[in-house]
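Protein chains: 2
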Amino acid sequence: MKANIRKKFTAALVAAFLMTTMTQVYSDEGMWLYDDPPLEQIEAKYGFRPDAQWLEHLQKSSVRFNNGGSGSFISEDGLVISNHHVGAGALEKLSTQEKNLLADGFYAASRAQELKCHDLELNVLMSIEDVTERVNAAIKPEMSPEEALKARREVMSRLEKESLEATGLRSDVVTLFQGGKYSLYRYKRYTDVRLVFAPESDIGFFGGDPDNFEYPRYNLDISLFRVYEEGKPAKVEHYLRWSTTGVSDGELIFVSGHPGSTSRLITQDELIFARDVSQPYVLERLNRLEVLYMAWAERNEENARRAHQAIMGVQNSRKAISGRYGGLLDPDLLSAKAAAEESLIRSMKASPEFQGSVVAYDVIAAAQKVVARNYTDYRMWEGAQAFNTSYFGIARTLLRHAEEKGKPNGERLREFRDSNKVSLELGLFSEAPIYEDFEMLRLCDALKFVIGKLGYENEMVQKVLAGKSPEARAAELIRGTKLKSVDTRKALYEMSAEEIEKQNDPMIELARLVDAQARSLRKLFEEQDELTRQAHDKIAKARFALVKEHTYPDATFTLRLSYGTALGYEEAGQKIPFQTTVGEMYAHAVAHKHQPPFKLPESWMKAQEKVDPSTPCNFVSTADIIGGNSGSPTVNRAGEFVGIIFDGNIPSLVWDYAYSSKQGRATSVNSQFIMEAFKKVYGADELAREIEKGKI
Amino acid sequence: MKANIRKKFTAALVAAFLMTTMTQVYSDEGMWLYDDPPLEQIEAKYGFRPDAQWLEHLQKSSVRFNNGGSGSFISEDGLVISNHHVGAGALEKLSTQEKNLLADGFYAASRAQELKCHDLELNVLMSIEDVTERVNAAIKPEMSPEEALKARREVMSRLEKESLEATGLRSDVVTLFQGGKYSLYRYKRYTDVRLVFAPESDIGFFGGDPDNFEYPRYNLDISLFRVYEEGKPAKVEHYLRWSTTGVSDGELIFVSGHPGSTSRLITQDELIFARDVSQPYVLERLNRLEVLYMAWAERNEENARRAHQAIMGVQNSRKAISGRYGGLLDPDLLSAKAAAEESLIRSMKASPEFQGSVVAYDVIAAAQKVVARNYTDYRMWEGAQAFNTSYFGIARTLLRHAEEKGKPNGERLREFRDSNKVSLELGLFSEAPIYEDFEMLRLCDALKFVIGKLGYENEMVQKVLAGKSPEARAAELIRGTKLKSVDTRKALYEMSAEEIEKQNDPMIELARLVDAQARSLRKLFEEQDELTRQAHDKIAKARFALVKEHTYPDATFTLRLSYGTALGYEEAGQKIPFQTTVGEMYAHAVAHKHQPPFKLPESWMKAQEKVDPSTPCNFVSTADIIGGNSGSPTVNRAGEFVGIIFDGNIPSLVWDYAYSSKQGRATSVNSQFIMEAFKKVYGADELAREIEKGKI
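From first to last, the protein sequence lines are chains A and B.
With this note's numbering applied, the first sequence covers 1 to 696.
With this note's numbering applied, the second sequence covers 1 to 696.
One or more of the hints may lead you astray.
Note that identical chains are pooled: a pair holds if it fits in a single copy or bridges any two copies.
SDA-like cross-link-like pairs, simulated, lysine to any residue; straight-line CA separation at most 25 Å [what the hints assert, rightly or not]:
1) K463 - L271
2) K468 - L271
3) K232 - P331
4) K468 - I650
5) K662 - G260
6) K490 - Q503
7) K575 - R299
8) K468 - A572
9) K468 - P331
10) K593 - S95
11) K490 - E230
12) K593 - Y435
13) K45 - A638
14) K93 - A304
15) K407 - N420
16) K523 - V359
17) K463 - P331
18) K463 - R379
19) K319 - Y456
20) K319 - Q309
21) K541 - G356
22) K468 - R264
23) K181 - Y26
24) K662 - A472
25) K116 - A402
26) K468 - Q663
27) K369 - S144
In case anyone wonders, no lab produced these hints; they're calculated from the structure.
All chains, please: the whole structure from these sequences, using the hints.
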């Protein structure tokens with residue numbers, strides 16, 4: 001049965017790839033740009049056409065969590081809802097050995113009780129401006145990749161700085177269509193973010209790793225924050241009204257959020273690179289880290305608390321990437337990509353205007369070869385995977401900041417451009433705790449990792465080890481560094497490169513030791529990226545002209561609009577209903593004898609009599625999402641909040657490479673489940689009232 | 001502090017390597033041959049000289065568990081004691097979804113309740129005969145490696161067959177000193193082995209992975225079996241008397257067991273191969289399997305039961321090999337090896353008789369290079385790690401048996417020699433359950449593993465995948481094979497190669513597909529092994545002649561005698577007492593809030609009032625052991641059973657490469673703890689009585 005379904009699924013993939021040559025039957029595919037929404041498709045399929053006001057309202061109610069997630073305003077007083085797993089990093093940083101907010105949950109019944117997060121930055125997209133022509137005008141055909149890269153970096157930094165100075169808004173030039181389009185995104189930035197509510201992790205992540213990316217599902221995967229300005233709750237013009245009626249089977253829904261990254265427009269060669277190089281490497285590392293962290297966490301409760309977020313992150317990535325890698329190993333996926341590519345190349349060759357652009361595929365292939373050859377070195381030295389400790393990141397930022405700050409804005413490494421200063425300092429000066437024992441464990445293992453991957457005798461490895469065992473070297477680096485103190489970091493941040501060198505901090509000296517090689521690898525990779533961008537620009541132009549379909553760029557952690565239907569599916573001959581209930585949640589715990597990770601928190605066990613078992617719990621839809629969409633609001637035609645995205649099912653994991661709604665689904669927490677929890681389980685009546693009123 | 005200890009520890013290592021050039025100060029190092037015991041050393045240090053009768057009694061009371069452990073007779077009625085973790089495989093095979101013997105424990109109060117194990121073979125060493133000259137006489141200097149290998153295989157198989165026919169005893173020619181010595185070991189073989197007693201895994205492996213290889217420790221890591229002959233308990237002449245007084249601080253103890261493998265006599269090049277090639281490979285695979293099995297086990301209780309033994313095995317290896325690998329990455333270990341090697345080479349060069357043998361080091365280095373180049377291929381195809389399923393092993397055994405059985409005994413692959421027939425069939429026709437879902441999981445992952453390691457486009461990988469995704473291919477192989485039925489296996493076992501081919505069993509066809517390549521890799525590796533043996537023979541002869549120390553060969557899973565002192569040690573400035581108590585065991589559970597793996601079973605919680613908290617629990621000694629020694633009896637001068645080896649501490653993990661008693665310790669369960677458990681916790685009065693009387 002499974003093979004059969006897979007075959008049908010793959011047929012759908014081929015169809016998706018070849019759609020361009022067929023009569024248009026709109027699927028719900030697409031992570032659409034807000035300045036280019038698929039109004040015709042939506043109207044054709046659903047008879048509903050969002051107007052400009054509707055779109056602006058949803059756009060400005062949407063919030064980006066800069067640690068990698070999404071959210072939305074749900075009250076005019078700056079109340080933001082996101083996922084528990086998006087807020088988890090902030091929760092962990094606010095926790096101590098005595099007070100574990102992540103495990104035990106939190107509720108601030110009054111403003112005064114709200115807890116300020118250490119280093120959380122939230123962004124709201126205020127405007128989009130197409131700057132493709134201005135960016136590309138800086139690139140001349142005769143430029144070498146190095147010159148082109150420099151010119152592009154310079155023009156992007158300049159546009160951003162001008163915009164920041166003119167508007168005061170965070171301004172990012174974002175690359176779309178792999179380099180086929182550039183847009184200037186302006187965000188309102190919030191850095192005073194306070195924790196309002198979080199449930200216990202046992203209900204936030206009920207079912208744990210076994211249920212992660214699976215369905216049916218029963219998670220209260222939410223956390224609530226409030227943004228402040230000048231010490232007071234921020235007043236926001238746009239926020240979502242709460243739906244008390246939820247969502248019905250087959251209903252049209254929209255998702256507005258920040259999908260992190262997809263690879264649907266990449267070429268066959270780039271897909272093969274992912275299959276043969278990057279994904280196996282990443283999975284090997286994740287397996288290694290999962291074992292390392294789990295074994296350490298099992299030793300005692302405090303270790304478990306300290307490693308909790310790291311474990312969640314690693315397990316989530318491992319399961320997501322395993323699913324994606326499984327897709328890559330399905331030969332049908334590559335055949336479909338090859339067929340689509342051949343078809344476009346045929347059209348290009350037949351076109352006098354675009355036949356010269358066919359060479360773009362060879363350029364990309366050549367760049368991929370360079371990247372593949374240097375991939376491990378790049379990951380180790382520039383990616384710093386040879387030094388898996390927060391202190392190394394801090395050390396390198398300080399070292400490079402001293403070197404970069406003297407350069408003109410447009411010539412600096414991207415993260416040191418003026419327009420990124422606030423975000424950079426927020427992370428660097430964070431008072432979030434870093435645990436010496438956990439850092440030692442991670443660094444020591446990372447040193448063994450680089451030994452294993454590059455070889456013990458590798459010249460740089462030998463320099464890094466300095467004649468010591470990984471244990472001894474990790475101990476001397478972690479114990480010796482003075483970067484534990486935020487005041488020290490602040491002092492070093494003001495110093496010149498020469499002054500920093502005199503400090504003799506072992507971690508900074510380590511960063512210095514590898515920096516020439518790291519920078520040179522980064523330059524090499526950025527040049528390949530530049531070549532690839534130019535090539536994709538050519539391909540994109542040809543596709544726009546020859547295929548004439550309305551399409552969307554790959555995800556880039558910028559705001560996108562998706563839409564779809566609340567809809568169940570079939571698996572192994574079984575119908576999976578679109579929605580679960582709270583009663584089924586309790587039954588799921590019973591079926592697993594309440595054993596972790598299927599143990600419900602005490603609050604829910606106590607409230608079982610009060611809670612209505614028919615309350616909708618989680619639901620799935622065909623909306624096109626990916627990692628980064630976590631926390632995105634799911635809204636109905638009226639623009640009301642009916643749920644919040646927190647996951648996709650297993651068949652959706654291959655959406656990185658190709659969308660199909662045969663079985664793939666996005667999973668949301670229902671708005672009714674959330675309200676039932678506030679009122680019947682947590683006694684969060686104040687919060688419920690604020691959400692229902694739309695203000696405090 | 002840690003670095004300081006390490007330095008001292010390493011100084012001890014250097015001393016161990018260079019001992020030959022120093023005045024003899026006997027450490028407790030050594031896994032001694034029973035036909036060459038270190039009587040002088042023991043007498044010099046402890047004033048006790050075991051006589052021939054004492055040694056014979058201990059030898060013949062010692063039992064080898066052929067699944068990789070040790071044990072001993074403790075009653076004349078064939079009662080054998082080993083570790084819980086040695087018996088765990090047998091326990092798992094006897095378990096069902098309804099009756100989990102591994103988790104819940106087992107006690108047969110009468111003979112009739114004893115459970116026959118599926119495929120456990122126990123051996124008792126009856127005699128040792130030096131056959132070095134007869135083996136080496138078959139090898140002529142002018143022979144190619146291929147010819148020498150063939151000649152050596154032929155003479156070994158002939159000696160074994162002659163001995164088997166003459167004595168009826170299992171007869172193995174074993175290689176010692178890496179090829180410096182050959183001995184014929186004759187064993188009494190028991191294949192009717194019945195389960196008598198096992199505690200719950202929560203006390204058998206109390207503390208789980210976090211406490212594994214650590215000390216202080218509190219494990220009742222025991223299981224008891226009885227060997228039968230002709231349907232009745234076997235009468236044995238030699239068995240160990242039980243000590244009721246246990247062991248005291250500083251007391252001399254002996255350990256008699258089967259250390260699996262050490263690498264103390266290997267050359268620098270072989271050590272570097274382990275550091276750079278084999279150990280990183282093995283650890284990568286173990287990390288991968290641990291994540292795979294753990295994630296699957298977490299889904300539900302039955303999965304957890306099915307994967308339990310696989311997880312235990314993987315975690316145990318991961319922790320042991322991580323420790324060993326850590327040792328290899330300590331530059332001092334390699335410097336010490338280099339210094340010892342240079343010293344011997346200097347002596348060899350100065351000796352007219354041995355200067356020609358110096359070339360042996362180059363021969364080994366060259367062989368290691370060939371092995372390194374082909375290592376992954378060898379592991380995948382001949383080691384069958386590309387197909388991590390029991391069915392593949394069965395399929396290949398059937399395929400090769402059909403091909404090998406027609407050849408003369410001496411020309412067959414070693415496992416198909418006549419003298420191994422009983423053991424081969426015991427495994428092949430075992431009724432032990434194999435679970436389709438778990439096999440599917442393992443095979444599918446193994447296919448991805450080989451894709452990752454050898455590349456998707458690798459010719460053999462492509463043949464193996466047959467145009468399908470790993471999921472689809474694994475499903476068709478596991479679902480399609482008929483080898484689930486033992487009757488089918490028996491029928492195929494009788495067939496000719498041609499008849500088997502006609503069966504079209506997909507798993508056998510897979511085995512056939514890779515067999516030419518697998519056999520050719522095996523041949524290549526066996527030839528390198530032959531070259532290495534000859535070279536080690538030369539080095540060993542030189543060492544014996546020039547160094548004149550009394551020494552012992554590396555471990556080879558043959559019976560060895562170790563000795564040492566029950567002795568605590570210092571760690572990070574803290575004194576660790578030699579012995580723990582039952583009271584401390586309860587306190588350990590409390591300190592971890594009774595959370596798994598620190599949860600004691602109900603039986604022990606209920607019995608807490610009855611149990612004497614001052615009862616000795618586990619103790620450490622300086623006896624030289626390694627994996628395979630698990631279950632070895634620890635005896636006192638009187639030859640009485642005072643404990644049973646079940647582990648070594650973290651500093652002992654490097655003993656693979658070099659012994660040091662600075663901190664390294666072997667860990668035993670005390671005999672008194674065991675008796676307290678039988679009488680006060682399990683109501684196993686019959687069993688206690690038998691052990692105290694030495695008979696039923």
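Worksheet entry | Unmet hints by their number, sorted upward, for this structure | Numbers 3 and 25, in rising order.
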